[in-house]
Amino acid sequence: MTPILDVCNLGIKFGGLQALDDFNVQVANREIVGLIGPNGAGKTTVFNLLTNVYSPSRGTIHLTGKSTKGKSTHEVTQFGIARTFQNIRLFKNVSVLENVMTAFHNAMDYSMFSAILRLPSYRKQEKAARKLALELLDVFDLREMADTLAGSLPYGAQRKLEIARALATNPKVLLLDEPAAGMNPSETSELMMTIKDIRDKFDIAIILIEHDMNLVMGICERILVLNYGLIIAQGKPEEIKNNPIVIEAYLGQQRGE
Amino acid sequence: MLKVDDINVYYGSIHAIQSVSFEIKEGEIVTLIGANGAGKSTILRTISGLLRSKTGEINFLDKNISVVEPDKIVKMGIAHVPEGRRVFKQFTVEENLEMGAYIHKSKSDIKEDIGKIYRRFPRLKERRRQTAGTLSGGEQQMLAIGRALMSRPKLLMLDEPSMGLAPMLVQQIFDIIKELNQSGTTILLVEQNARMALTIADRGYVLETGRMKLAATARELLADDSVKKSYLGG
Amino acid sequence: AGNKTEAPAGTDAPDAATGEAIKVGLLAPLTGDVAVYGTAVKNAVELYVDKFNAEGGVNGTPIKLIILDEKGDPTEAVNAYNRLVNDDEVVAIIGDVTSTPTFAVAQASVADNMPMLTPTATHPDVTSYGKNMFRACFQDPDQSSTMAKLAYEDLGAKTAAVIYNSSDAYSVGLKDAFVETANELGLEIVATEAYGKDDVAFQAQLTNIGSANPDVLFIPDYYNPCYMIARQAKDMGITATLLGVDGTDGVLSIEGADKSVLDGIYFSNHYFVGDSAEIVQNFVNDFKDKYGEEPNALAALGYDAAMIMCAAIKSVADSGMKIDNSAECHQAIIDAISATDMTTVTGHLTFDENNNTIKELSIIKIVYKDGDATYELYGKIAAN
Amino acid sequence: MTILNQIINGIQIGSIYALVALGYTMVYGIVKLINFAHGEIIMVGSYFTWYTMSRLGAPAWAAVLGAVVFCAVLGMVIEKVAYKPLRNYARISLLITAIGVSFFLQNAVQLIFKATPRMFQNIFPGSLKLGGMVFSMSAVVTIVVSVILMIGLSLLVKNTKIGKAMRAVSEDKDTAQLMGINVDHTISFTFGLGSGLAAIAAVLYCSSFYQIEPTMGSMLGLKAFVAAVLGGIGSISGAVLGGFVIGIAESLTKGYISSALADAIVFGILIVVLIIKPSGILGRPENEKV
Amino acid sequence: MKQSILRNNKFRYLLNTLAVVLLYLLIIFLTSGGILNRYQSNMFIQIGYNIILAVSLNLSCGFLGQLPLGHAGFMSVGAYASALFSMAVDLPVYIEFPAALLIGGIAAGITGIIIGLPALRLRGDYLAIITLGFGEIIRVVILNLKFTGGAFGLRGIEKHSSISWVFLCTVITIFVIHTLLKSRHGRAVISIREDEIAAEASGISLTYYKTVTFAISAFFAGVAGGLYAHYLCILDPSNFGFMKSVEILVMVVLGGLGSIIGSVVSASVLTVIPELLRSFADYRMVIYSLLLIIVMIFKPSGLFGRYDFSLGPAIDSAFRRIRGLILRKGGAKNK
Ligand SMILES: Nc1ncnc2c1ncn2[C@@H]1O[C@H](COP(=O)(O)OP(=O)(O)OP(=O)(O)O)[C@@H](O)[C@H]1O
Ligand SMILES: Nc1ncnc2c1ncn2[C@@H]1O[C@H](COP(=O)(O)OP(=O)(O)OP(=O)(O)O)[C@@H](O)[C@H]1O
Ligand SMILES: [Mg+2]
Ligand SMILES: [Mg+2]
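Protein chains in written order, with the working numbering: chain A, 1 to 257; chain B, 258 to 491; chain C, 492 to 875; chain D, 876 to 1165; chain E, 1166 to 1500.
It should be emphasised that the hints constitute simulated quantities derived from the structure, not laboratory data.
Keep in mind the model is a prediction, meaning the values are calculated, not measured.
Beta carbons: idealized from backbone N, C-alpha and C, even for Gly.
Among these hints, one or two may not hold up.
[As the list claims (entries may be wrong)] Far from chain D by the CB rule (all over 12 Å, computed), these chain B residues: (1) S305; (2) L307; (3) D319; (4) S323; (5) E326; (6) R343; (7) Y359; (8) M425; (9) Q439; (10) T456; (11) D459; (12) E465; (13) D481.
[As the list claims (entries may be wrong)] Below, simulated EDC-like cross-link-like pairs (lysine to aspartate or glutamate); rule was C-alpha separation at most 20 Å, straight line: (14) D/K989 - C/E784; (15) E/K1324 - C/D616; (16) A/K92 - B/E340; (17) E/K1347 - A/D147; (18) B/K320 - B/D262; (19) B/K346 - D/D1049.
The shape of chain A in the complex, shown without the other chains (with noise of 0.2 Å):
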């Protein structure tokens, strides 16, 4: 099977500092892979790399077979891949409802002149995307709050808007920075399972960072581990956890309770 998503020798240096190097990965459809590794290991990186927010010092990135070398951010996303931050990033003086309906910018292509004068071509655009956006906001139980501003949400509740905000721009990958990142340990597993469903809803592949080994272990397919900028490790959960180099890099001594 031909991976959806295919990164070469991706690197990237800052200043002096070689943050990224020599990066590798083939995802395919439908697979949730990890990326783990310590503080400051490269992890966010790749995925500012993924998205053209940095341009790398080398390498290629390709998706669904197309290079996407010199698109910018935006296109990058029209073009299948979505993100969220690790430092969440909403609009949030806008209405969560708002919030959703922003990314399907690209899912609607009617113009300003026909938004003006109200044409059908709007109405019937509009219409679209909010019961879609409904739908999605109902996958993460923020129905109720649809007409809330998005910067008054709990904390947790922004990180899933944060989600169904680059759902909604239709990717073929979706990647999460630390989704369940100040959530407690019950809200996490909700997380977990949220996520599971929509691979199988929208039938996208997700590659996730997260420090909870809960979640990754939990359901993650194929685990990378970075260190300074390079892959150390990589597998399925069970031989990443019993990996010695990770766990001396990585997991420490598990203490028991």
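Guided by the hints, dock chains B, C, D and E with the ligands onto chain A, whose structure is given.
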């Protein structure tokens, strides 16, 4: 040591904290647990003077600090590691640490303390000349904790110190908290990772939508069914 | 401090006779960038109107001045004009003071056939809008060409430079006319430099002028920039004879100025403060008494405008017409103004068929002697 | 030798811009506020000096000292009354208030002292010959003072405790408080300092250009602000550099291109520089990590 | 829950249209019925073009989140372009004037794009300074061109700006900007204000939307300039300086960034206030500036914050409140 008595805190018309009271004795580790938005951070911000309570009193070392300016509160011995790191992004790592010791005068003490911090977090030493804004999330968290320690506090309040940290570091940070406590620092810990928090804490309080729901020893809370169900992940 | 702000003269306050009083509007910039000029005019107009009322007014009825500030802004000026006409129902208006607002107001006033008399707007087009628009001063080209001739014929200059304010219509108009006459005469213009409003540093321009080494330097602007330029020119060792315009008048009343730098400036003016004529001396003395400073050309023109206007209204009243806001009365006042033939502070004056004045122009020279500078009359020339 | 003369002219006016720009940059660096009232504080400082010297007959040094103190206090009062209540709101609200304050000062001074320009004595008479070039004494003093102040301020901000507090406050007020910094004092101090600088600029300005009037602050303020931005706002040495660059650019365009278009060309230079280097010549780019 | 008829879209349009027509009739009644004199009626014209200026600036300032300080520059481009056009041609008013306004708008819009393309790469205060710079450049250029009349100003412009024309343009401006904002394009614009990085990650092209928004904002400023030119009949470059830009900005911020109704109200109020203060003569500007400071201190987010008024829901909630009152009273009686 710290006694919080019937505080009510508002954000505009939102009544975020409703008649909350609790106390911390010298030498304890006390943890506040609660869901997202329960009001944990709000309580810490109120104690350090960034927010004001409409009613009640907060006493620290038998002094009413509920109307004292935040900078005076720091001088009295309370340090606060705020939620979301809040490092000074344009400052270098080392300058951030120096800022933590703002209330101290002695240059040599500061130097020594910085050395200690570097021994605890070697990663910070590697990055000492880098501006803090370009650090990774976890590096920033280490820096925030290190910076708070620089004021040599009597009471250290930590707001979700494990957020975004690698498991090994989480371990490490909890170890450090324990160690700090053993060397005499009283700790008020807010954590999502309630299980970890309760394993090192003496006592815990459970906060639900701005109200205090439960107060008990850590051991009791760990065993409590409702706590298990809501906060410890089954 | 002798310079305390005067309370706005009694004219604005309602007094017992208000119901009866004849209302005349005054439009002037009293705040903002050009407030100095508006204030000079306002002071003089008030001075004359008070005097006129004290002497019995219009057969016993006082004239009440309604003074509105327009900040030097045409939009505000039109608002103020409309307010004078529609809310205050004035019978005639003195104003505006500077050119652009005067244009805006002039245009609006034509349809109303409102008698308008600008004391100071020297731009040639000001009176072109309609028969209702008069001016008490001479026009820019007159003084520019006079100055060019003076330079070429009397001072024997072969080369000239100009430094002007490119954002001010008054200054640009004077510059254009000067350059034109100079070209006709064969006076070579060796440098033309511009500056903007609010500029205080002229060294860069003066450096260019200095290296062109002209015989005369023409500075068509009001007295403040003129003084600053003169001073900086001296600092830079420029020896050209400086030529000013009517706006230069008043330069000697600048408090604390180093007057030695002004020595030898020639400028064209509407009148000469030292003129021994009684009307001039009375005006100068009254003005000094009331405001503690010597009146400049703007003030003299304001005084004249008030004088012309009051006389015109009086003559209409004398003819038996009721002074009110009617179209007939407006026309009568307009006719009366155009029939003016009187001696004012700025000389004997009549109006031509285009509502411009026919009068003499004075050329003043500043002479610095023994630590003080004075204006001296160099000569009088018929304008136009 | 006109080119040299034009450069000297540029340095002279540029040193005034530099000095004023320092005040902008100080306040901007800490409060992130374009303090539109800064030009007006210079105006007030000028009037203070003029009044005490020519009306009250005070000696120059006393007038200057008085002006510095007066302006510093005025700056702090403005901050307390007009800016502090808005600290936690959108910066643009603060900007509008600053504009309000500047209108107020301008019109209040006009009401008190009338619109008539006042003449100012040259406190530093004479000139200095250097090689074949002639510098007026006040220009020399201005240049020296702005360079000294630049060095002093850089040291203050980089190395002293209050300087570090200022930088910390500028980044994150809440967290600065958690370090034990008194935010109110720090901001007050910054305004006092910035306004004191304005007074010094005022004196030197008056000494060079002889004349003061109620509206003098606006254009000067604008140009100096442009200088601060060009140099990289928030950067102290940038402000001084920007001041000189603007001054020289202005003088050279007036001298060699067109004095009528000088303002347009200077702004054009600013735009080109900012497009090439978006955070100004010496400004630090904002590193926002995603 | 049953939707109130007042929240029904079609009905709302009808209601809004009706309200606009009524307002127009009221103004016409007041101005040509002799109830207001010319001085007072002319204020409506000034209010009108100031509303257009404020609302259009609010688009790039309140909604796009930039800080442009050169709005008066766009206004002047529009003013001169439209005035030069109408002076050059001689067509019936109902063709010439709209064409002139359109040309003014387009000229300003093109200027907006020329300025926007390089300038919008910058952020925050740097952008502010660049737009300020461009505003000054436009002013100085106009001052030094021959065909604009230079410092003498452009004179002899026909007086076309009647209350009806101004009213029509104001309504169209508000309508267009409002409807645009309530579409995917508007959401894109607002998302840029909220978080540029997240907006890009949601597939929105920053360059495209910033430039287009800037151009639309400039376009309407140009139209306002055209109205201004054909109202005052004289154009003077010094009236389009930095202070004019600041004046418009004050209207926007005072009304509330991101509130169209706020801009409408504050543009109206700020046009009228200086005139009302005339009786305080000398103290006028001092009082004006103090008012400005005081309003900002007590209402930092502007009079209306981000609130936007919509007639349907407003009446609806008013009805509900009244009904609530009646029911409560009725209930009390029954007891
Ligand atoms: N814009 C930048 N400039 C300079 N250095 C950077 C930049 N962005 C990231 N870095 C550095 O690159 C390294 C990798 O950062 P990255 O954010 O990818 O880490 P991470 O793996 O996501 O860590 P964490 O789990 O703590 O979020 C870090 O050391 C960081 O300091
Ligand atoms: N600046 C603010 N303005 C308005 N409401 C706020 C603000 N900060 C917090 N709140 C609200 O106050 C309540 C308590 O928030 P707080 O941040 O104290 O919760 P928390 O328990 O720390 O949650 P978390 O786990 O997400 O950090 C929440 O409902 C939150 O939405
Ligand atoms: Mg990361
Ligand atoms: Mg919290």
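Open item on the list: Could you work out which of the previously given hints the structure breaks and list their numbers from low to high?
Closed with: Numbers 1, 2, 5, 6, 7, in rising order.
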